[in-house]
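Residue strings, one per chain:
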Amino acid sequence: MTAVTPEAKPATTRRHRMTASVFGPHPVGLLLSAPYAVYVAAVFAYPLGMAVWISFHDYIFTAPGVSVPRPFVGIDNYTTALADPAVRQSFVNILIFLVINVPLTVVLSLLLATALNAAIPFRTFFRVSFYVPYVTASVAVVGVWLFLFSSDGLVNQVLGDLAPDPSWLINEKWAMPSIALFVTWKQLGFFILLYLAALQNVPRELYESAAVDGAGRWRSFRAVTIPGVRPATTLVTLLAIITGANLFTEPYLLTNGGGPSGKSASPVLLMYQRGIEQQHPDVAAAIGVLLVAGVLLLAGARRLLERRRE
Amino acid sequence: MTRGLSWWRTIALTLGAITFLFPFYYMIVGSLQVAPDTSLSGALPRPDDLSFDNYSEINAAIGLWRSLLNSVLVTAGVVIGTLVFGVLAGYALAQLRYRGRGTLFAVMLLLQVIPFQLLVLPLYVQVVRGYGLADSYLGMILPFVINSVAVFVFRQFFLQLPVELFEAARLDGASEIRVLRSVALPLVRPALLTATLLTFIGPWNEFLWPFLITKETGMQPLAVALANYMSTVASAATNPYGAILAGACVLAAPAVLLFVGFQRHFVSSDVGSGVKG
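Protein sequences, first through last, are from chains A and B. Under UniProt numbering, think of the first position of the first sequence as 1, with each following residue one higher. Under UniProt numbering, think of the first position of the second sequence as 1, with each following residue one higher.
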């Protein structure tokens with residue numbers, strides 16, 4: 001990522017030199033990026049700080065303009081959150097989700113991107129069909145999955161006696177894996193696009209020299225493609241983890257609010273239930289901070305793993 | 001390339017395409033069936049069993065036109081905000097040197113790893129309790145008003161343009177504002193479509209945020225109205241699945257049609273470069 005920037009035009013006047021030394025050679029850049037900077041500060045930086053602040057205070061919702069004491073309570077909200085079995089269950093659930101979703105996403109999107117990268121007939125058709133689920137609203141596709149995976153839905157009709165009982169979305173064992181499969185299917189198109197971009201950057205000569213060395217397709221896929229797209233794999237893994245941590249719509253609609261008996265509830269769903277429905281924004285904020293800490297931990301662990309492999 | 005492998009490739013891609021497209025086909029068929037038919041043969045449409053009854057039913061239940069209008073207004077607000085402010089920020093980040101540029105760019109990269117849902121609660125406090133913007137378009141637009149990925153796309157686009165182009169205009173004595181108006185903006189057109197497509201799906205498909213801040217049904221975008229119908233009212237309908245699927249078709253169609261129509265502008269290089277920064 002090299003930023004190509006113009007050299008400063010020699011400043012002719014003293015005033016020019018003054019502003020240039022304070023704001024840089026193109027002070028107008030400050031003006032042009034100001035709206036975006038304000039947006040980032042107001043919608044990301046400030047709420048982020050506020051989420052952390054709320055999580056350490058006794059916080060209740062108030063009407064606009066009303067001020068009430070919000071005493072500092074240390075880690076009380078965190079202990080409340082962690083003592084709640086439903087919250088603990090939701091973190092176990094999201095872990096199950098990630099264990100299924102992330103490897104499946106990486107493997108399937110790389111394989112399909114590789115297949116798509118060659119000169120094949122109907123290439124545009126395939127490419128478009130892969131990203132149709134990605135561009136469609138979750139709410140819309142959840143509707144058809146409810147229909148497909150209901151007790152006497154088409155999937156169970158096809159499976160016959162192999163169908164789980166109770167059916168997928170109301171089965172304690174299958175609810176979370178079903179959601180993980182749904183999200184993998186829904187997001188795959190986006191990750192295929194990322195891998196397709198990365199595949200363009202793998203030098204063709206590497207494949208040629210691998211072929212000269214007598215490597216078959218599978219060998220050259222392992223020896224050239226996989227190392228060649230490693231930066232993309234890092235990105236795909238990270239984005240898949242973040243998308244997974246954000247899980248809300250699917251357990252809310254697909255399994256009717258994280259059911260059965262909380263076995264598919266996600267931390268964000270718990271944040272919604274505790275924070276907005278039950279009016280405990282402080283506990284909800286603590287769940288959120290724990291969730292982000294978990295995501296950072298996972299991202300760090302993944303990096304460590306990768307380093308050790310090298 | 002050996003023959004066997006190209007077969008393997010075709011089979012993998014075909015299986016993939018079926019898995020990706022079948023639910024959409026099923027959605028359309030189901031939305032037209034008078035009575036829900038979950039059997040295998042039900043996957044094939046029977047001409048005597050097709051009607052638009054489900055569409056009338058969902059329209060009567062949630063007011064399709066009104067919620068579509070809400071979706072359109074919210075999405076338009078976000079797309080306009082992104083195109084106007086995103087182009088400016090992308091141009092500045094790519095072609096201008098000023099204090100704070102590096103910081104802004106670093107923060108922008110960092111944003112990609114913050115789960116948005118963590119911010120939802122404080123944003124809710126700010127927007128609903130602080131500014132009193134519940135049940136308003138502004139409240140729904142505000143958190144998404146400048147799409148960061150689109151800013152990336154613009155930055156990447158302006159990086160590809162030769163520096164000399166801008167330098168020449170400056171040497172001719174053009175002011176910075178003029179360089180922007182007469183050189184940068186006329187060139188950006190190809191990036192606008194990509195950025196619009198990328199931005200469109202965010203607010204159009206968003207569920208959690210508008211769901212949190214709209215209680216008034218007349219203000220709800222289609223995704224929220226349909227979700228509420230699914231979780232509460234559906235049991236009262238004669239063919240709840242059919243009505244849900246009809247609503248799902250209406251919600252899905254604009255996004256899918258836009259992307260199929262403009263698929264050329266949504267190619268890997270644009271998106272990849274956008275995300276890679």
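I should point out that these hints are in silico values taken from the structure, not numbers from a laboratory. Predicted model, so just to flag it, every value in this text is computed and none were measured. Accuracy of the hints is not assured; some may be wrong.
[Stated by the list, open to error] Using 20 Å as the maximum straight-line C-alpha spacing, the simulated SDA-like pairs for lysine to any residue come out as follows:
hint	chain 1	residue 1	chain 2	residue 2
1	A	LYS173	A	TYR207
2	B	LYS215	A	ALA63
3	B	LYS215	A	GLN273
4	B	LYS215	B	TYR137
5	A	LYS173	A	SER261
6	A	LYS173	A	LEU159
7	B	LYS215	B	VAL72
8	B	LYS215	A	ARG88
9	B	LYS215	B	SER41
10	B	LYS215	B	TYR55
11	B	LYS215	B	LEU110
12	B	LYS215	B	ILE141
13	B	LYS215	A	LEU159
14	B	LYS215	A	THR62
15	B	LYS215	B	THR196
16	A	LYS173	A	ARG88
17	B	LYS215	A	PRO260
18	A	LYS173	A	PHE61
19	B	LYS215	B	ASN59
20	A	LYS173	A	GLU277
21	B	LYS215	B	LEU83
22	B	LYS215	A	GLN278
23	B	LYS215	A	GLU277
24	B	LYS215	B	LEU68
25	B	LYS215	B	ARG46
26	B	LYS215	A	SER150
27	B	LYS215	B	GLN263
Outcome of the hint check:
At most 20 Å may separate the alpha-carbon atoms for a hinted pair to count; LYS173(A) and TYR207(A) exceed this at roughly 44 Å. For a cut-off of 20 Å, the pair hint linking LYS215(B) to ALA63(A) stands: about 16 Å separates their Cα positions. Distance hint between LYS215(B) and GLN273(A) is fulfilled; the C-alpha atoms sit about 16 Å from each other, no more than 20 Å. Distance restraint check for LYS215(B) and TYR137(B): the Cα-Cα separation of roughly 13 Å lies within the 20 Å cut-off, and the hinted pair is therefore satisfied.
Taking the CA atoms of LYS173(A) and SER261(A), the gap is about 11 Å. The hint holds against a cut of 20 Å. Restraint check for LYS173(A) and LEU159(A): satisfied, since their Cα atoms lie roughly 18 Å apart, inside the 20 Å limit. Under the criterion of a C-alpha separation no larger than 20 Å, the hint pairing LYS215(B) with VAL72(B) is consistent with the structure, at around 18 Å. The hinted pair formed by LYS215(B) and ARG88(A) fails the criterion: a straight-line CA distance of about 30 Å is larger than 20 Å.
Distance hint between LYS215(B) and SER41(B) is unfulfilled; the C-alpha atoms sit about 41 Å from each other, more than 20 Å. Restraint check: the Cα-Cα separation between LYS215(B) and TYR55(B) comes to about 24 Å, which exceeds 20 Å; the hinted pair is violated. Between LYS215(B) and LEU110(B), the direct Cα distance comes to roughly 33 Å. Violation of the 20 Å bound is thereby established for this hinted pair. Proposed proximity of LYS215(B) and ILE141(B) is supported: the alpha carbons are some 16 Å apart, at most 20 Å.
This hinted pair does not check out: LYS215(B) and LEU159(A) have alpha carbons roughly 41 Å apart, beyond 20 Å. Between LYS215(B) and THR62(A), the direct Cα distance comes to roughly 18 Å. Compliance with the 20 Å bound is thereby established for this hinted pair. With a C-alpha separation of about 29 Å, the suggested pair LYS215(B) and THR196(B) falls outside the 20 Å cut-off, and the hint is violated. For the proposed pair LYS173(A) and ARG88(A), the alpha carbon gap of about 17 Å is at most 20 Å, so the pair holds.
This hinted pair does not check out: LYS215(B) and PRO260(A) have alpha carbons roughly 27 Å apart, beyond 20 Å. With a C-alpha separation of about 37 Å, the suggested pairing of LYS173(A) with PHE61(A) is violated against the 20 Å cut-off. About 19 Å separates the Cα atoms of LYS215(B) and ASN59(B), which keeps this hinted pair within 20 Å; it holds. Straight-line distance between C-alpha atoms of LYS173(A) and GLU277(A) comes to about 27 Å, which puts the hinted pair past the 20 Å bound.
Proximity of LYS215(B) to LEU83(B) is assessed by CA-CA distance (about 29 Å); at most 20 Å being required, the pair is judged violated. Under the criterion of a C-alpha separation no larger than 20 Å, the hint pairing LYS215(B) with GLN278(A) is consistent with the structure, at around 16 Å. Simply put, LYS215(B) and GLU277(A) have alpha-carbon atoms about 13 Å apart, close enough for the 20 Å limit, and the pair holds. A distance of roughly 17 Å separates the Cα atoms of LYS215(B) and LEU68(B); the hinted pair therefore holds under the 20 Å criterion.
Distance restraint check for LYS215(B) and ARG46(B): the Cα-Cα separation of roughly 40 Å exceeds the 20 Å cut-off, and the hinted pair is therefore not satisfied. With a CA separation close to 29 Å, the supplied pair LYS215(B) and SER150(A) exceeds the 20 Å bound. For the hint pairing LYS215(B) with GLN263(B), the CA-to-CA distance comes to about 36 Å; that exceeds 20 Å, so the pair is violated.
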